[in-house]
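Just so you know, the protein sequences line up as chains A and B, in that order.
Quick note on the numbering used here: the first sequence kicks off at 1 and runs consecutively.
Quick note on the numbering used here: the second sequence kicks off at 1 and runs consecutively.
In case anyone wonders, no lab produced these hints; they're calculated from the structure.
Honestly, I wouldn't trust all of these hints.
Unchecked claim - Below, computed lysine to aspartate or glutamate pairings styled on EDC-like, alpha-carbon distance capped at 16 Å:
hint, chain 1, residue 1, chain 2, residue 2
1, A, Lys90, A, Asp104
2, A, Lys60, B, Asp18
3, B, Lys247, B, Glu216
4, A, Lys60, A, Asp101
5, A, Lys60, B, Asp149
6, B, Lys218, B, Asp149
7, B, Lys250, B, Asp13
8, A, Lys25, A, Glu129
9, A, Lys60, A, Glu45
10, A, Lys60, A, Glu3
11, B, Lys250, A, Asp101
12, B, Lys241, B, Glu19
13, B, Lys247, B, Asp215
14, A, Lys60, B, Asp101
15, B, Lys250, B, Asp238
16, A, Lys60, B, Glu19
17, B, Lys250, A, Asp265
18, A, Lys25, A, Asp280
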Amino acid sequence: MYERDISRRDPGCVVFLLDRSDSMKQTWGNSRETMAEGAARALNETLLELLFTSQGEPGKARHYFDVGIFGYGLRPVAGGEGVEPAFGGKLAGQPLVALPDLRDNPIAVRETPSVDVGAPPSRVPVWVEPVYGHRTPMCQAVAVAGAHVYEWASAHPDSFPPIIINITDGMVTDSPYEGAGLDEWAQRLVNIQTSDGPALLFNIFLTPAGSANPVMFPATDRGLPAPGPDLFRISSLLPPPMVANAHSTGIPVEPGARGFGFNADAYNLVRFLEVGTKVDVRD
Amino acid sequence: MQIQVVTFSETKDGNAPDEWQDGASGGVAGDATGLARFIVVDGATGSFDPVRWVDQLVTSFVPPPGPRGAGHAGPRLEPAAMRAWFAQMQDQWAADVPAFDSIIEERKFREVGSFATFLGFEITGLAGPDPRWRAVALGDTVLFHVRADRLIATFPPMRPGDFGSRPAGVHTMRSSLDGMTERLLAGDGVLADGDFLFAATDAMAEWILRAAGRDEAKVWQTLAGLVHPDVFARLVSDQRKEQDAAKRMKNDDVTLMRLRMLADQPSFVLACR
């Protein structure tokens with residue numbers, strides 16, 4: 001299981017569930033940005049990294065991945081509380097987008113100051129914007145995304161299994177949803193599989209300013225306050241390729257480590273996404 | 001002593017022939033030095049325009065005959081000279097900025113760059129009694145020295161489990177120059193009449209090592225007996241389809257350069273088109 005390389009013939013699928021509830025407006029750590037801004041920035045960086053992988057020959061991007069982002073909480077397009085695809089611009093409303101289409105359709109390219117003194121500003125493509133409002137309908141997010149993941153897996157039976165990464169700062173507010181709790185919805189999601197194994201569900205819990213030390217890829221939920229144990233329980237075991245990613249990123253992981261992060265700051269969110277989305281490509 | 005050289009290659013299954021991202025070149029210098037020089041490299045799929053980077057490395061290490069290679073001899077296989085060559089290659093890459101069609105392409109060129117595993121080797125003393133091979137390498141492109149169907153040297157000293165997705169290699173980014181210099185490996189050996197040298201990129205090299213672990217004589221006889229690109233293509237195709245995963249060849253670009261050491265001129269030459 002989890003041995004298949006990503007290729008144009010057997011592309012991968014990465015889906016992000018992005019908490020857009022009202023609490024994401026809180027300032028994040030000792031930065032000057034909100035958690036919504038930090039999460040959007042980390043996602044845009046991760047999309048850029050995925051596009052780097054696909055950009056081999058000049059002038060064209062290879063279709064190595066289909067990517068989805070589902071925001072839950074405030075729905076900026078439909079209005080009110082719920083779940084909707086979070087891409088902006090020409091990609092608005094699309095649940096899964098092939099990398100070549102993503103490459104060609106950022107909302108904007110913005111200049112940000114370089115961290116190197118004297119260096120020119122960095123030009124950063126943007127696909128998702130920070131918004132927040134309402135509560136945290138996480139079950140509905142898993143349900144909506146799961147339907148698209150199921151369709152994708154049916155169409156790509158020999159691909160590396162779909163990867164779903166849930167970024168949240170809050171307690172689920174819609175459990176049970178349509179008669180099933182968060183555990184049940186998560187189980188339904190990881191019951192989706194390809195010939196290379198079940199879908200992977202990873203969760204990372206963000207914490208606003210002044211919080212405790214982050215926990216990355218733990219093998220136990222011992223000592224974690226709520227909602228840590230609940231999110232740990234529904235998180236998949238880290239498969240060998242991602243254990244290797246963690247090691248190469250300098251994160252020690254023990255046997256039984258799960259795709260779960262708790263009390264993450266901006267730095268750890270980026271590292272978590274890096275570990276969870278890096279898969280070898282072959283052709 | 002004479003060298004009979006042939007290079008076989010196959011692209012990844014599912015890719016077009018022009019998407020082959022390995023490179024190989026070499027031959028005997030056209031002077032009286034008795035020196036022959038060879039390179040085999042494997043461009044990384046995830047890097048920026050690996051075909052261009054591979055072409056740059058190959059044509060610089062083994063300058064082609066004619067005006068394109070005039071005045072160049074390639075680097076000496078010494079650490080300082082190799083470091084200088086790596087830096088020269090990086091400068092050349094950075095100076096030749098392509099036209100970008102997107103911000104993603106531009107940022108990948110500047111921040112990620114290109115990458116290839118590298119094996120360079122030369123054979124000296126062809127005109128004397130003590131011919132030798134000498135090699136430098138970064139990564140998992142491997143040189144096998146075979147005598148009488150027995151492996152007598154593997155360079156770099158790889159085992160089947162050593163092949164991974166993050167090998168060392170030659171990178172375009174200047175920040176990697178120190179690391180490349182530190183990780184550069186060197187090796188050498190003495191050649192005799194009838195010896196073979198096989199230089200193989202990773203998928204082929206890993207398959208060779210696994211096959212040699214089961215029946216060494218058979219694998220060397222098979223590779224020594226390849227007489228036509230179609231035979232090589234059939235071998236690769238069959239091994240990629242092998243049911244037993246432990247024996248299966250990875251679906252990747254494969255390149256195999258074979259050098260046969262001969263005391264005399266070959267009795268015949270087969271030309272393939």
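For each hint, the structure was consulted:
no.: 1; hint: Lys90(A) - Asp104(A); in the structure: holds (10 Å)
no.: 2; hint: Lys60(A) - Asp18(B); in the structure: holds (15 Å)
no.: 3; hint: Lys247(B) - Glu216(B); in the structure: holds (14 Å)
no.: 4; hint: Lys60(A) - Asp101(A); in the structure: holds (11 Å)
no.: 5; hint: Lys60(A) - Asp149(B); in the structure: violated (46 Å)
no.: 6; hint: Lys218(B) - Asp149(B); in the structure: holds (8 Å)
no.: 7; hint: Lys250(B) - Asp13(B); in the structure: holds (10 Å)
no.: 8; hint: Lys25(A) - Glu129(A); in the structure: holds (13 Å)
no.: 9; hint: Lys60(A) - Glu45(A); in the structure: violated (20 Å)
no.: 10; hint: Lys60(A) - Glu3(A); in the structure: violated (27 Å)
no.: 11; hint: Lys250(B) - Asp101(A); in the structure: violated (30 Å)
no.: 12; hint: Lys241(B) - Glu19(B); in the structure: violated (21 Å)
no.: 13; hint: Lys247(B) - Asp215(B); in the structure: holds (12 Å)
no.: 14; hint: Lys60(A) - Asp101(B); in the structure: holds (9 Å)
no.: 15; hint: Lys250(B) - Asp238(B); in the structure: holds (11 Å)
no.: 16; hint: Lys60(A) - Glu19(B); in the structure: holds (13 Å)
no.: 17; hint: Lys250(B) - Asp265(A); in the structure: violated (39 Å)
no.: 18; hint: Lys25(A) - Asp280(A); in the structure: violated (36 Å)
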